[in-house]
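Chemist: Chains as they are written, first to last, in our numbering: chain W, 1 to 139; chain Y, 1 to 139; chain R, 1 to 139.
No lab work stands behind these hints: they were computed from the structure.
Among the hints, a few may not be true.
Identical copies carry no separate label here, and so any pair may be met within one copy or between two of them.
Unchecked claim - The calculated SDA-like cross-link candidates involving lysine to any residue, where the alpha carbons are at most 20 Å apart (straight line), are:
| # | residue 1 | residue 2 |
| --- | --- | --- |
| 1 | Lys130 | Trp116 |
| 2 | Lys130 | Trp9 |
| 3 | Lys130 | Pro115 |
| 4 | Lys130 | Ser14 |
| 5 | Lys130 | Asn20 |
| 6 | Lys6 | Pro115 |
| 7 | Lys2 | Gly109 |
| 8 | Lys130 | Val19 |
| 9 | Lys110 | Asn20 |
| 10 | Lys130 | Asp112 |
| 11 | Lys6 | Gly114 |
| 12 | Lys6 | Gly109 |
| 13 | Lys130 | Gly114 |
| 14 | Lys110 | Arg131 |
| 15 | Lys130 | Leu111 |
| 16 | Lys130 | Phe18 |
| 17 | Lys6 | Ser35 |
| 18 | Lys130 | Arg5 |
| 19 | Lys110 | Arg5 |
| 20 | Lys130 | Phe10 |
| 21 | Lys130 | Phe113 |
From a predicted model like this one, the values you see are computed outputs, not experimental measurements.
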Amino acid sequence: MKSYRKELWFNIPSRRGFVNITPQVEEALAESGISDGFVLVNAMHITASVFINDDERGLHGDYERWLEGLAPHEPIDQYRHNDTGEDNADAHLKRTVMGREVVVAVTDGKLDFGPWEQIFYGEFDGRRRKRALIKIIGE
Amino acid sequence: MKSYRKELWFNIPSRRGFVNITPQVEEALAESGISDGFVLVNAMHITASVFINDDERGLHGDYERWLEGLAPHEPIDQYRHNDTGEDNADAHLKRTVMGREVVVAVTDGKLDFGPWEQIFYGEFDGRRRKRALIKIIGE
Amino acid sequence: MKSYRKELWFNIPSRRGFVNITPQVEEALAESGISDGFVLVNAMHITASVFINDDERGLHGDYERWLEGLAPHEPIDQYRHNDTGEDNADAHLKRTVMGREVVVAVTDGKLDFGPWEQIFYGEFDGRRRKRALIKIIGE
Numbered sequence: 001m002k003s004y005r006k007e008l009w010f011n012i013p014s015r016r017g018f019v020n021i022t023p024q025v026e027e028a029l030a031e032s033g034i035s036d037g038f039v040l041v042n043a044m045h046i047t048a049s050v051f052i053n054d055d056e057r058g059l060h061g062d063y064e065r066w067l068e069g070l071a072p073h074e075p076i077d078q079y080r081h082n083d084t085g086e087d088n089a090d091a092h093l094k095r096t097v098m099g100r101e102v103v104v105a106v107t108d109g110k111l112d113f114g115p116w117e118q119i120f121y122g123e124f125d126g127r128r129r130k131r132a133l134i135k136i137i138g139e
Numbered sequence: 001m002k003s004y005r006k007e008l009w010f011n012i013p014s015r016r017g018f019v020n021i022t023p024q025v026e027e028a029l030a031e032s033g034i035s036d037g038f039v040l041v042n043a044m045h046i047t048a049s050v051f052i053n054d055d056e057r058g059l060h061g062d063y064e065r066w067l068e069g070l071a072p073h074e075p076i077d078q079y080r081h082n083d084t085g086e087d088n089a090d091a092h093l094k095r096t097v098m099g100r101e102v103v104v105a106v107t108d109g110k111l112d113f114g115p116w117e118q119i120f121y122g123e124f125d126g127r128r129r130k131r132a133l134i135k136i137i138g139e
Numbered sequence: 001m002k003s004y005r006k007e008l009w010f011n012i013p014s015r016r017g018f019v020n021i022t023p024q025v026e027e028a029l030a031e032s033g034i035s036d037g038f039v040l041v042n043a044m045h046i047t048a049s050v051f052i053n054d055d056e057r058g059l060h061g062d063y064e065r066w067l068e069g070l071a072p073h074e075p076i077d078q079y080r081h082n083d084t085g086e087d088n089a090d091a092h093l094k095r096t097v098m099g100r101e102v103v104v105a106v107t108d109g110k111l112d113f114g115p116w117e118q119i120f121y122g123e124f125d126g127r128r129r130k131r132a133l134i135k136i137i138g139e
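The following block holds chain W by itself, in its conformation from the complex (with noise of 0.2 Å):
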């Protein structure tokens, strides 16, 4: 069995954006060498999300407002999280319905996706520097 890791950085300069990974992902199995197996992305942070969707701004934006409507930033003092000085409560909670993880199989050396699967990664929480990790296992 072989295995290969990376961390990716992000900056995200507002509190929220969502990052296709998907070449930052493919290009670290490239450098793995691994042609069967599966890849695992996670955020390493827990106001940050890693998911698969389509990349469709509008999309982008729908999410955006529907996971604002689920889990609303403000007011910040209806969260007993944000007791302790945060304000992010919401961000914990927005992660949650996007997921923390995926889990992609790797087939004859690629990403072995459909259509339109493209790997986000998702910030809830941000203008601060935070990391994604790729972990993949295989031969």
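Here the structure of chain W is known, so what remains is to put chains Y and R in place on it, guided by the hints.
Modeler: Chains Y and R in isolation, oriented as in the chain W frame:
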């Protein structure tokens, strides 16, 4: 390390529906000859889901109503994704709640499941041919 | 490839509760002798969750209130699943939001975690004995 790959095809006749695919995953596992490892099962489309829950008709109706409350299909012009000519923005959101994939342990050649765990394909934008991927790694 | 399997048992005295199981997962990882690979941790019941977030009491209360807003326990007759004699339909939905499983990278014999990541068992229909599964593969 051994690996095995298989696609499952669906053509759900309605917009939404759930299909218990546990027998097909068990069949793929038997075909693989793998007795110890992980099975990944994921939707290959971004308006569909693979998830684990109960095979109980009442619950499936509850899921349908609950998801429609969280991310209503209509009015379709509430979603900017639908400005592209699609009418399936809600399906992207519903699939996000239900999840893209499951990873299941394989032990002694069986899906290592609790008493009620069953694997479902969840369709949120059907009436066309779509796929799920089964990928198994182990020994 | 090596593998290791362990069950964790719970008997949460209330309907809902969160338990930090990171120490138990670390202990299983040490027992496995695996230094590089993946750990899968999943609920073996469909009204419970395994998820990764912060070990902060205020946030856990926020999760409790937020989930109750998204999928209220009462009135129990709002759910067709409860026509079967159960009263736990909401627990199936809450577990869906929180997720069934996590996959964590193992590097140098440790859980390859960011600074605040902790693994929790989330119970939504407690007051009985239930299980989570730890399965580790790697070398």
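Chemist: Please go over all the hints and tell whether each is borne out by the structure.
Modeler: Evaluated hints:
1. Lys130 - Trp116: between (27 Å within a copy, 12 Å between copies)
2. Lys130 - Trp9: within (6 Å within a copy, 34 Å between copies)
3. Lys130 - Pro115: Intra 29 Å, inter 10 Å, cutoff 20 Å: inter-copy only.
4. Lys130 - Ser14: within (13 Å within a copy, 36 Å between copies)
5. Lys130 - Asn20: This pair counts as within: shortest intra-copy Cα distance 15 Å, inter-copy 24 Å.
6. Lys6 - Pro115: Only across copies: Lys6 and Pro115 sit 16 Å apart there, 26 Å inside one copy, limit 20 Å.
7. Lys2 - Gly109: Both: 13 Å inside a chain and 15 Å across chains, each within 20 Å.
8. Lys130 - Val19: Within one copy only: 13 Å inside, 26 Å across.
9. Lys110 - Asn20: So Lys110 and Asn20 pass the 20 Å test inside one copy only (17 Å; across, 29 Å).
10. Lys130 - Asp112: between (27 Å within a copy, 15 Å between copies)
11. Lys6 - Gly114: Classified as between: cross-chain Cα gap 13 Å, same-chain 24 Å, threshold 20 Å.
12. Lys6 - Gly109: both (17 Å within a copy, 16 Å between copies)
13. Lys130 - Gly114: between (29 Å within a copy, 9 Å between copies)
14. Lys110 - Arg131: This pair counts as between: shortest inter-copy Cα distance 18 Å, intra-copy 23 Å.
15. Lys130 - Leu111: Only across copies: Lys130 and Leu111 sit 18 Å apart there, 24 Å inside one copy, limit 20 Å.
16. Lys130 - Phe18: So Lys130 and Phe18 pass the 20 Å test inside one copy only (13 Å; across, 26 Å).
17. Lys6 - Ser35: both (17 Å within a copy, 16 Å between copies)
18. Lys130 - Arg5: The answer is within: 16 Å in one copy meets 20 Å, while 32 Å across copies does not.
19. Lys110 - Arg5: both (17 Å within a copy, 13 Å between copies)
20. Lys130 - Phe10: Answer is within; shortest intra-copy Cα gap is 5 Å, inter-copy 34 Å.
21. Lys130 - Phe113: between (26 Å within a copy, 13 Å between copies)
The structure is consistent with each of the numbered hints, conforming to all of them.
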